[in-house]
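Colleague: Following the hints, position chain A against chain F.
Number of protein chains: 2
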Amino acid sequence: MSKYVYLFNEGNAKMKNLLGGKGANLAEMTGLGLPVPKGFTVTTEACTRYYNDGKTIAKEIEDEIYEMLSKTEKIVGKNFGDPQNPFLVSVRSGARASMPGMMDTILNLGLNDSVVEGLAKLTNNERFAFDSYRRFIQMFSDVVMEVEKPKFEKILDDIKEENNAKYDTDLCAENLKEIVKRYKALFKKEKGFDFPQDPKIQLMEAIKAVFRSWDNPRAIVYRRLNDIPGDWGTAVNVQEMVYGNMGNDSGTGVAFTRNPSTGEKKLYGEFLMNAQGEDVVAGIRTPKPMESMKEVNPEAYDQFVKIAGILENHYRDMQDMEFTIEKGRLFMLQTRNGKRTAAAALKIAVDLVAENMISKEEAIMKVDPRQLDAVLHPNFDLKALKAAAVIAKGLPASPGAATGKIYFTADEATEAAKKGEKKLVLVRLETSPEDIEGMHVSQGILTGRGGMTSHAAVVARGMGTCCVAGCSEIKINEEEKYFIDKNGKKYIEGDWISLDGSTGNVYGEQLPTVEPEMTGDFSTLMKWADEARTLKVRTNADTPADAEQAVKFGAEGIGLCRTEHMFFNADRISAMREMIVARTEEQRRKALNKLLPMQRSDFEGLFTAMKGHPVTIRFLDPPLHEFLPQEDEDIAALSKEMGMSFEELKGIVSSLHEFNPMMGHRGCRLAVSYPEIAEMQTRAVIEAAINVNKNGMSVIPEIMIPLVGDIKELKFVKDIVVKTANEVIEKSCVSLQYKVGTMIEIPRAALTADEIAKEAEFFSFGTNDLTQMTFGFSRDDAGKFLEDYYAKKVYENDPFAKLDQTGVGRLVEMAAKLGRQARPDIKLGICGEHGGDPSSVEFCHKAGLNYVSCSPFRVPIARLAAAQAAISSKDQSQGGAGSAGQR
Amino acid sequence: MSKYVYLFNEGNAKMKNLLGGKGANLAEMTGLGLPVPKGFTVTTEACTRYYNDGKTIAKEIEDEIYEMLSKTEKIVGKNFGDPQNPFLVSVRSGARASMPGMMDTILNLGLNDSVVEGLAKLTNNERFAFDSYRRFIQMFSDVVMEVEKPKFEKILDDIKEENNAKYDTDLCAENLKEIVKRYKALFKKEKGFDFPQDPKIQLMEAIKAVFRSWDNPRAIVYRRLNDIPGDWGTAVNVQEMVYGNMGNDSGTGVAFTRNPSTGEKKLYGEFLMNAQGEDVVAGIRTPKPMESMKEVNPEAYDQFVKIAGILENHYRDMQDMEFTIEKGRLFMLQTRNGKRTAAAALKIAVDLVAENMISKEEAIMKVDPRQLDAVLHPNFDLKALKAAAVIAKGLPASPGAATGKIYFTADEATEAAKKGEKKLVLVRLETSPEDIEGMHVSQGILTGRGGMTSHAAVVARGMGTCCVAGCSEIKINEEEKYFIDKNGKKYIEGDWISLDGSTGNVYGEQLPTVEPEMTGDFSTLMKWADEARTLKVRTNADTPADAEQAVKFGAEGIGLCRTEHMFFNADRISAMREMIVARTEEQRRKALNKLLPMQRSDFEGLFTAMKGHPVTIRFLDPPLHEFLPQEDEDIAALSKEMGMSFEELKGIVSSLHEFNPMMGHRGCRLAVSYPEIAEMQTRAVIEAAINVNKNGMSVIPEIMIPLVGDIKELKFVKDIVVKTANEVIEKSCVSLQYKVGTMIEIPRAALTADEIAKEAEFFSFGTNDLTQMTFGFSRDDAGKFLEDYYAKKVYENDPFAKLDQTGVGRLVEMAAKLGRQARPDIKLGICGEHGGDPSSVEFCHKAGLNYVSCSPFRVPIARLAAAQAAISSKDQSQGGAGSAGQR
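If you're matching them up, the sequences are chains F and A in order. Counting along the first sequence from 1, when you hit position 247 you're at 247 in the UniProt record's numbering, and nothing is skipped either side. Counting along the second sequence from 1, when you hit position 95 you're at 95 in the UniProt record's numbering, and nothing is skipped either side.
Hints may contain errors.
You can't tell identical chains apart in this list, so a pair holds if it fits in one copy or across any two.
For lysine to aspartate or glutamate, the following EDC-like pairs were computed, each having C-alpha atoms within a straight-line distance of at most 16 Å [as the list claims (entries may be wrong)]:
#  : residue 1 : residue 2
1  : Lys-594   : Asp-279
2  : Lys-792   : Glu-676
3  : Lys-78    : Glu-240
4  : Lys-715   : Asp-754
5  : Lys-640   : Asp-157
6  : Lys-177   : Asp-571
7  : Lys-712   : Asp-788
8  : Lys-712   : Asp-798
9  : Lys-189   : Asp-142
10 : Lys-715   : Asp-788
11 : Lys-160   : Glu-676
12 : Lys-481   : Glu-430
13 : Lys-792   : Asp-719
14 : Lys-712   : Asp-231
15 : Lys-784   : Asp-530
16 : Lys-78    : Glu-67
17 : Lys-266   : Glu-355
18 : Lys-160   : Glu-174
19 : Lys-715   : Glu-796
20 : Lys-712   : Glu-796
21 : Lys-784   : Glu-658
22 : Lys-793   : Asp-719
FYI, nobody ran anything at the bench for these hints, they're computed from the structure. All figures in this text were calculated on a predicted structure; none of them were measured in a lab.
Just chain F, same shape as in the assembly:
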């Protein structure tokens, strides 16, 4: 028989999968002899079982819970539901991976009408007892019974107003009793029955509620964004309550062993006196910094500093801890490896190596590559920043620079993003887990309330999104959608503001940005990563500017230059259109001749920017209709410009219409129909390479034929390329090497890769299209049903973001194998957007590819991910336990 419930002293930190992160660490701390309130953990397997059993808790698990409850009662010497000596507990979720704020917590469970009286007597603190009870009723009603929270808050506000109380702490015991009375009345009105008085029923319902919360929509979204499998489930921790709200000698707080924003080695955190934990996180009262605890409770502070040191040394990583002081006595409620900004992650990793706490390889494993984004993106231009007026200042909750139009609800921000808005800033009084999607689409988050550990701050740091929190200098009116800055100026939806997440400054205008410097800890860690990795990292770049940026980021070549992007410029599109509407090959060649010098100079620019690194140039790919207007009005305008009749041009546009453009006349199919296009592009590539090589470079261009599905297709186009290239080279009287290869993006190409490798000198896996074709859905259309798929847990990941290793991956592995069989020295790479996704990079490493190619800003991410993949697979092959750090 499985064991579904563990006392804290039965577990340890290695049992994370079974006990969840929180439960495992509570057990570990218990084992370390630290002051942890007693309790037990209901395992993640119980959660899985709960779902398998049709959302019920099996009798055997229920029995085991009661058994462990009774053991715990004995240990603490208190009894559940006993007014004389009541045992009160918290019920908290705790999954394998941290999902802050995603799931539910209930405090003070075990209280009822008679226990509250007993508690008041026992503590001699009626105010405390009823404060706890009203909190419990609200939390339990909201989380377990689904009575809406604002209805309770309304009552609280009413009573505060009736009694002229500013803060909750201003309310007296009588006020709180009145609240309890009204809360219970509200509950009965809403639910039709009395608030449950039996603590065992309260407990079992609370556990079920936590299990249920694993599958609430915001948790599902969070898991998708953070790559957490849905079948992990959550554990539930039931733990003796300790009280931070027992008066001014009590309090609660959260702290980090190092600064999670900067990485600085200094205890960092905040606490609130006379409060329960949720008050700190919810950001209703603004908490005080940790240092001030030295004065308030020097004894507890010293003990805490000591414990923090023990924990950091024990876990060999920066710790994020929750604690409560009950009447001067310190209790640890949680510890975990702390979430941190990218800058902090880099500094901490490098510092821990310097402190001899970890190895370089361990340091590499500690930084989540996805986080690097934050240190790579631009900061504000300093000049502009100096000239700009600060309209308010808040807490620097998550670094970075954001500029965008303001929105006052997460939904509106999400909507705006869907409509194509690229830059937006979400402005909220405070954020809640419901806001998660809106936060995700925003470049910056500004809140009026809450501290550095408020929901907004924690989530924004995790996302690498810039955040200014607790900015009380602005007055936000969410309902009427405006805010007033410190000077009295009003900002409405759509106005531009800028946020500096590193200073907390808010600017009432759009500010220009500059590139970040790639130095210090970043450069140290990346150097270590480069030493560790075997996979090369290239970039997808279509312009010399992109290419230069990518080289700065460490790109070792261009894996994909999409030549068509060069044709959309105003000065080229008309020659391109002339080519498309040509009725004869002669006309087409005439138009192509106009494009030739432009293409050639594009390529010269790219080759020069890449300084001799390999450059893969993909030939024209999109269907031709993409270059023509589709609306009658625009067709009319263009027809005039091109000196043809409206009807004629309209006819051409119609004839190019496709039912499924994704599966239409594009890629190498264009070159089969119009070989003269491939001829022109070959000429441009080869002439450009010859020209730059004359200036001392040694470019070996790689020509890539897109959308090949059959060896004969590739051969047809390759023959044109080779013939043209050799003519140009011969005429130039210099020697030049070049390669011809193909993209593997059609399933048939992967399936027949042994054939195709006979002609292709390299394969570049175009995993965007390969994913589309392999799944049989188009990226443009899948959005409509993928939401249903996520909601119904059919899919958990967007296969366009994370490479589908089971299906698409099987094709990639097959093609790599077949390709190498036919041509052992074939060069293999990937150039889909997956090239910058860490788990996909790991797959590419395992599949034995030579390189990944991704957008310039993802190059460092890919470098780090490649290093982690190399270390992991070395560890695995050595049987070592290569921890993937926070991943």
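Modeller: Frame of chain F; chain A shown alone:
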């Protein structure tokens, strides 16, 4: 060193691949001691080499040709270019497979200004010599030098008119000399140089022309239609001329050992006296039936009958022979297994078994399954036929009944077909190889000239298309596009006529048709086929009528019922639309409840029609927008009907728009979004099965979930199906078995078939979509570039017609293997249109599938193809040489 040229006495019939069909059979006849003019064959490998060498004949091959020429000169005792004793030859193409009229022939080669004089003297027949010369000049100029034929015909017509000659035979020697003079002048004017006088140059140019003709556009089209690989190449036969145009004791003809239309065992053919071969085939003069040869030349006739018998016995098949009588002496110019109508093929196969000439298995191999179409399609309704007036009568050149709108050029017929015209009849004076595509799209062909072996007749029989040839009772004006019937009535483009290919009758109206009887030779051969095959044959049918038709054709179940076809009926589409525009699940269920009884009764009908055979029902597949109108006008009308505003409905239509509908919200994706649709369909299937089983049937319905790409998708929908089905069954208090399976039509499903087989009780390969996704092109759009692909020989086949065994086939084999590994008793079938394509059926047999499913009319084709596949693979495994007959 390869041998590129073979004397006829060096080869035999087994060397078909090397010598081509004609060359191999000339060699075989030579070996049999039959009277064959001497000569040699330049091999197909020489042709391939010609193309590989950039369309030149290598020196070594040229030398070998001259060597063999000189050997042949010695054998015949004549010399090339020697006026005293001239050696004249024919140069004919001859590929591995017969491609009638597709490639070029040159007769009388070796003539020049002095040889013609010598020939006149030698034969004492000046008329003959110059007739031969003028034919040669024209043919050589046309075929080798590309001077347009009509320019020569104009001269011939002028001379005929100038001399009041009706037929060529009415012209005297002087006339012919004048023609030669004008021909040569024309040649010089057109080409700028004199007509080549050196016979060796003539020969080498002629051989090159034959090689070139392998790649002319009509040959490419013919190969594609007939599944002949482009790399086979053609051989060239150089053979001593014998003359049917040496006067009235000479002649030429073609004959079959049995009647190629009916299969009757009786010598069948026609001949022309004083003519060369081309005159018979071209249909300029109407030839006489073979019997009349008995009177004209009884000796030659007797000899021919004897040779025909020898050849049929030798080849054990009906022979198609060409012969020439030169001054009373018989020469055999060709023999081959004769093309025949489907009816004839069946009769001959069955008769040959009865005559103990072949075994049943050989008989099965002798019938081309693709031909069966002709005996399966309807004939005219007899009553209507009796009432209809015959407007003209021609030769019954290819059986069947055709009714359609008339077109006067192949191009216009092709155009009309592209625009969606389904029924058309091509009316031509005579057809030529250029007309091949127009003939292919036509249901019937009517020609004003030419006999039973004219181009139109031969090609139509091969295609299984109804043809009435040589219908001189109508006067056709091709230029002005009309014809006049025997009563003087005029018919213009677009008028309806009907053709009876078995009687030669033409009717000036649209006639109704009736189903064919499946008896006699057909039923005998099909019985043999059923005994031989292991693969089951099912049908794709959506209606009871289709299902009944298919059962008559021998279907053993329904492999695919597309439920959506049932929703397009006028009485259902409105409930369907109500379902689509529903805003809530409740509204959707209400609309689905209206559809339920209709679906149930559809399924009852299908189950009843199939009499207990298995029925696979595919759930709703197409994207929902297909059920809604797209044009504003229609949307407005529907919005009124549905009682909603135009804007609202337009909004719904827009929201359903997809960029790539093929890869959009369809298939099981609909059931994931709207499980209530799958619920309704399950209920309809299960209730229908219960109802018919109550009436004594024992249906085991098979529910097929379409477009699955991931096991979780299938599981999600299957769970709904199983839950609903079990509820219905439980409520009904009877027991019912059913299966749930999936279509494998997404590459990912094939790649993860081991996973998917855990939930799927059967796989049906949907090779239409699987081909689209695997190739990455949509059927609707590929037409635009596939023409270019054929023209440039990148593709030779339409992968939607013939299963791509290399790519798509690899997926099918992989999925079959993985599926069987995971579930050994999994049922595997194919339901794409490939299910009725013989080569694809063979593939399915080899891949070990359990059944193929195809449209009702293709069921017999699939049965026969399955039998052939079983026999072939048995022969192969036994090392036997299972000849594929005419295939």
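Colleague: Run every hint past the structure and note whether it holds.
Modeller: Each hint, compared with the structure:
Taking CA atoms no more than 16 Å apart as the test, Lys-594 paired with Asp-279 passes in neither setting, with 68 Å inside one copy and 55 Å between copies. Taking CA atoms no more than 16 Å apart as the test, Lys-792 paired with Glu-676 passes between copies only; the shortest distance there is 14 Å, against 50 Å inside one copy. Proximity of Lys-78 to Glu-240 under the C-alpha cut-off of 16 Å is restricted to the intra-copy arrangement: shortest distance 10 Å within a copy versus 119 Å between copies. In this assembly of identical chains, Lys-715 and Asp-754 lie within 16 Å of each other by CA distance solely inside one copy; the values are 14 Å within and 35 Å between copies.
In this assembly of identical chains, Lys-640 and Asp-157 lie within 16 Å of each other by CA distance neither inside one copy nor across copies; the values are 68 Å within and 51 Å between. For a Cα distance limit of 16 Å, the shortest separation of Lys-177 from Asp-571 qualifies neither inside one copy, at 76 Å, nor across copies, at 66 Å. In this assembly of identical chains, the alpha carbons of Lys-712 and Asp-788 lie at most 16 Å apart only when taken from different copies (13 Å versus 41 Å within one copy). Taking CA atoms no more than 16 Å apart as the test, Lys-712 paired with Asp-798 passes between copies only; the shortest distance there is 15 Å, against 34 Å inside one copy.
For the homomeric pair Lys-189 and Asp-142, the shortest alpha-carbon distance inside one copy (14 Å) is at most 16 Å, but the shortest distance between copies (101 Å) is not. For a Cα distance limit of 16 Å, the shortest separation of Lys-715 from Asp-788 across copies, 15 Å, qualifies, whereas the shortest one inside one copy, 43 Å, does not. For a Cα distance limit of 16 Å, the shortest separation of Lys-160 from Glu-676 qualifies neither inside one copy, at 80 Å, nor across copies, at 50 Å. For the identical chains of this complex, Lys-481 and Glu-430 are intra-copy neighbours only, at 14 Å inside a copy versus 81 Å across copies, given an alpha-carbon limit of 16 Å.
For the identical chains of this complex, Lys-792 and Asp-719 are inter-copy neighbours only, at 13 Å across copies versus 50 Å inside a copy, given an alpha-carbon limit of 16 Å. Proximity of Lys-712 to Asp-231 under the C-alpha cut-off of 16 Å is restricted to the inter-copy arrangement: shortest distance 13 Å between copies versus 46 Å within a copy. Taking identical chains as interchangeable, the C-alpha atoms of Lys-784 and Asp-530 are never at most 16 Å apart, the minima being 40 Å within one chain and 48 Å between chains. Proximity of Lys-78 to Glu-67 under the C-alpha cut-off of 16 Å is restricted to the intra-copy arrangement: shortest distance 15 Å within a copy versus 116 Å between copies.
Taking the shortest alpha-carbon separations for Lys-266 and Glu-355, only the intra-copy value of 14 Å comes in at or below 16 Å, while the best inter-copy value is 104 Å. Taking CA atoms no more than 16 Å apart as the test, Lys-160 paired with Glu-174 passes inside one copy only; the shortest distance there is 12 Å, against 129 Å between copies. In this homomeric assembly, Lys-715 and Glu-796 come within 16 Å of each other (Cα to Cα) only across copies, at 15 Å, whereas the closest approach inside a single copy is 40 Å. Proximity of Lys-712 to Glu-796 under the C-alpha cut-off of 16 Å is restricted to the inter-copy arrangement: shortest distance 11 Å between copies versus 39 Å within a copy.
For the identical chains of this complex, Lys-784 and Glu-658 are inter-copy neighbours only, at 9 Å across copies versus 21 Å inside a copy, given an alpha-carbon limit of 16 Å. In the homo-oligomer, the alpha carbons of Lys-793 and Asp-719 lie at most 16 Å apart only across protomers (14 Å), although the nearest pairing inside one protomer, at 48 Å, exceeds that limit.
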